[in-house]
Structures are given as C-alpha cells and as structure tokens.
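Asker: Here are the chains, one letter per residue:
There are 2 protein chains.
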Amino acid sequence: MPVDVKDYIRDRLPLVDSALDKIVPPAEEPPTALHGAMRHLLFPSGKRFRPMLAFAGAEAVGGTASDAVPVACTVELIHTYSLVHDDLPCMDDDALRRGRPTVHIEYGEANAVLAGDALLALAYESLAEAPVKVGPDALVLAIRDLAHAAGSRQLVGGQADDLDAAGAASSIEQVQSVHARKTAALIRASIVGGARLAGADDSQLDALSAFGLEVGIAFQIADDVLDEGEDDPCSLVTALGVDGARERAEGLLETALARIASFSETADPLRALARFAVQRTQ
Amino acid sequence: MPVDVKDYIRDRLPLVDSALDKIVPPAEEPPTALHGAMRHLLFPSGKRFRPMLAFAGAEAVGGTASDAVPVACTVELIHTYSLVHDDLPCMDDDALRRGRPTVHIEYGEANAVLAGDALLALAYESLAEAPVKVGPDALVLAIRDLAHAAGSRQLVGGQADDLDAAGAASSIEQVQSVHARKTAALIRASIVGGARLAGADDSQLDALSAFGLEVGIAFQIADDVLDEGEDDPCSLVTALGVDGARERAEGLLETALARIASFSETADPLRALARFAVQRTQ
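From first to last, the protein sequence lines are chains Y and H.
Counting from 63, one number per residue, gives the positions in the first sequence under the working numbering.
Counting from 63, one number per residue, gives the positions in the second sequence under the working numbering.
Source of the hints: derived by calculation from the structure; they are not laboratory data.
Among the hints, a few may not be true.
Claimed, not checked - Here are some chain H residues the structure puts well away from chain Y; computed CB gaps all over 10 Å: (1) 76; (2) 215; (3) 223.
What the hints assert, rightly or not - Straight-line C-alpha distance at most 20 Å; calculated EDC-like pairs for lysine to aspartate or glutamate: (4) Y/195 <-> H/199; (5) H/84 <-> H/191; (6) H/195 <-> Y/199; (7) H/84 <-> H/66; (8) Y/109 <-> Y/285; (9) Y/68 <-> Y/327.
Glycine included, every Cβ here is placed at the ideal spot set by N, Cα and C.
Next up, chain Y with everything else stripped away, as it sits in the complex:
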C-alpha cells in the first residue's frame, strides 16, 4: 500500500502536538519568561520528523502511533533543547530559525540556557510518568536509550566535534562520525523507542537500530546537499561533491531498507518516511 508522507504527517501531527502542549507548562505559568522560552521553538510545530519516525517505528512492529506518543514527545523535546543551545552566541550564534528570532534573541541568553536545560529534564520526566502498554522494564530501556542518544558519546559529542571542525577540513570518516552522533543517534532512538513502546522483540529492535542509524546519516547528507551553497567543512558535499554525496545517501537508504525487508506492510510508513528524508528537495 503506497503511503503518502504528507498525509501521514498531517494525520498524526495532532497526536504529538496536543501531547506536547499538555506536557510543557503553559507560558502564563511563572516563571513566564522561562516557560515562554521553552515553548518558543516548540510551537508552532516544524515537521515533527522525529515524532513521526517514532510513530512509524511503533506501526512497523504491529503497534499504533498512540503507543509511541510518550517517545514522540521525548525525542521532540530533546531535539528542541539541542537547537535552543546550538543557536546560542557561544555555539553557532544564530539569530533566526525557521524565519523567527531564536530563543536567546527573544528571551535573553540566560533564559535560553535554562529553557534548554528544562526541556531536557522534561524529556525524561514525561517519559517516566507516561502511561504505556508495555511493562516498566521496557520503559526503563527506552529511557536509557534516549538518554544515551542525548549524551557525550552521541548528540552532545557530535555537536562538540562539529564546533571544533568549524574552519578546518575534515576527512570523510570524521564527517560521518559527527553525523552519526549529532543527527543519526536521535533518529535511531526515535524509531527504536517507538517500537519498544509497541512491544517490539529484540530481533525487530536490532533491525530497526541498524536501519535508523543508516537513515539518520543519509538524512544528514541530504541536509548537506540542500545546503550546498554553504561552505561547511563538516559536510560530505565538501568532501565528495554534490553527486558523490547524493550517491552515498542513496546507497545508505538502500542498505537501510534491506535491513527491514522482512517486515510486513505495516512498515511501509517507515519506509516512506526514510525515502522522503533522503530524497526531499527542501
């Protein structure tokens, strides 16, 4: 059954948006600047790509999108915290994101640091108190995976190396290592976490883990291809050229899809999201 990615996202967006709106304190609750800063980049929503992968991960193993709502919120909170801190003056120093002022421009630098911190704590609090259909042992493993993905050996370590690489040429291996940690780890954790909350078994989780890492790296390459105008030293476009980078992303996508070849058609949304992530033109 062919899956229309835009329909898929549109249908499931309210699931994650309404859950996030309940989890994050209202902007009117004191400290209002802190809660406003926490919400600034979270609403209105972007594509919610990571939550969609969590939903598709749950469906791939026979569950429903609803099963994965707690993980969908957690990965969006982690992703949002990382953007808020990445934009800070001492990091990438960005004044605009998605056409709006970044959090530190709108709420000041202290509130941006604190809002990121609070989003990260909330990512784990909301997951630990969510009603789930699996047992608490599976929930503990989901929390562990999602905290590992956010840590110094994954997301934060990748960001540290990315900042270090600014201005210096990087080898293909170095670039791919940054992509694997900074981008792919959380994408993998989104898919695996969603599947875990739907009751996936270990062999399903292993296949989805390999799939998620490869799709995540290919997703970042696709980003680099779209940004080709920018002269980023930590980009495979710089190392391989646009055609070489595109070819590598396509190769990773095919390898990834082969990992889940034995999954039934309930994995079609996951396959479609992966293709969309790699082949998108914006």
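Go by the hints and put chain H onto chain Y.
Answerer: Chain H alone, transformed into the frame defined by chain Y:
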C-alpha cells in the same frame, strides 16, 4: 547511637566517587575537551552532600548505602550540571568555584554549555541502566522524581527566579519559594530516591519527602547565614536578619526531625546529616 558526620562522609565517599569515575567517560576519550569539562567540577570531589543524603535515606528505611549508589551518582551529576551552567557568563558569571577556575574559564563557554547538557543526560542514562535491587517500577518512579526535581517547576525555575530577583528586593515568601525549588527539591529527591532504591514503602516516602523539603530549605538558609557578607536580595538574611534567619532554619529542622520521629536508629545518620547541614559553620 551518635553518628559522627565526618566519619560517615569519609567512609562512604569512595562509594560514590568510584561509581562516578566509572560512569563519566575518561578525559582522554574524544572529544577530550568535552569529557575534561564534564569532569572538571566533579573531581576532586566536594562534600558530596546530596549523595550522602541518598545513602542516609536508604539506610533510614533499613537498606544499605550500596543500594542508593545509582541515585547518589544521579543527584551529584544533576547538581554539578547546574553549577556549570550557573557559573556561565550569561548567568552568575563566576570565574572561580572552590578555588579553581570554573568550567567555562578552563574549557571555553561552548564546552561548558555542552558539558552541562551531557552531565544532565548522563544523570538519567546511568540511573536507567544501573543494577538495582528493587523492581523496574520503583526505578521508573525514581527517574520521574529526579527529572521533576531538575525541571522548570523545580531547580531550573528556581534558578530563573533567582536571576530575576538580582537587584530587586524579594518578599520572604518569594525567597522561600526560590529556595524550595532551587535547592530543596534536589535535596528532597536525593533522600527519597535513595530510600526508593532501598525498597521504602509509601508512608516512609511521604515522611522523607516532607523531611527533605524542610531540611533543604533550612540548608539554603544556613548557606545564606554563612554568606551574610554578601548583599543578596534573594536571601532570608536580607529579609529577617542573621538571628531571624537562623531561628527559622532551626525551626524548620525541628519540624523536619519530627516527621521521621517514628523511624528507628537506622535513621540516625539522616538526622545527623540534617543537623550538620543546618548548624554547620562553614
């Protein structure tokens, strides 16, 4: 049995120090600046007051300090992350802590932000993967409590209000609300978390929760009394004077001790730590 607090701390320090040393990646592991920054304020250790409260919480309900090691590490990681971020130029802008350069002075501002972020993620990762003697349901509740204590309604919200209060006079209620969130919430979570991992029942947890909040506020007042030279608007010394503040701390301590009056002598270390925290002279 009278408890010598200094002996108690000295005997149990290696438990938490060796566990933390295993949990936090070595400074030689790349990214070395990030891992060095994560370790900078963690080693050599301070008093490890919060880990000691976790140990004493476990012992108070008939468990051992070993039961509480995972929570002891988590609360020290959360406390350390919050100090690293509090010291940043956009927050309290401190160049020295415990007589050494702060993390952003030693490793740069970006690494200080990232190191704090990674310590926070590691706080939950290490707890979720720790071997514990209680079931996974109790572990999930401990994670929830410790993430709540770190969030915008507790620690981070208290810090945001504390920064806002800088320069402006605060009422006694405002000061106490900041203390309850910024300081007491994590102290309470240390005690309750330690007791949870030792198998405490709900009535024990309720008593320890009330005890922890009161001791935590009294601890912060004692800090303010020790800092009386500083003209901090968010201090009960400013609002009540030194004698008034000291009296309030003593009153809170007595109320707190009454909450756990029915606990056996296994709670004596907890009682002694609480007295020490409030009556210390340095």
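Asker: Hint by hint, say whether it matches the structure.
Answerer: Each hint tested on the structure:
Every beta carbon of chain Y lies more than 10 Å from that of residue 76 of chain H, the smallest distance being close to 24 Å; the non-interface claim holds. Listed as outside the interface, residue 215 of chain H is inconsistent with that label: its C-beta sits roughly 7 Å from the nearest C-beta of chain Y, within the 10 Å cut-off. Chain Y draws residue 223 of chain H into its interface by the beta-carbon criterion, the shortest separation being 5 Å against a cut-off of 10 Å. Between residue 195 of chain Y and residue 199 of chain H the alpha-carbon distance is near 13 Å, which keeps this suggested pair within the 20 Å criterion.
A hinted pair counts as satisfied when its Cα atoms are at most 20 Å apart, and residue 84 of chain H with residue 191 of chain H qualifies at roughly 13 Å. With a C-alpha separation of about 13 Å, the suggested pairing of residue 195 of chain H with residue 199 of chain Y holds against the 20 Å cut-off. Straight-line distance between C-alpha atoms of residue 84 of chain H and residue 66 of chain H comes to about 28 Å, which puts the hinted pair past the 20 Å bound. About 14 Å separates the Cα atoms of residue 109 of chain Y and residue 285 of chain Y, which keeps this hinted pair within 20 Å; it holds.
Taking the CA atoms of residue 68 of chain Y and residue 327 of chain Y, the gap is near 18 Å; set against the 20 Å cutoff, the hint holds.
In summary, the structure is inconsistent with hints 2, 3, 7 from the numbered list given earlier, while agreeing with the others.
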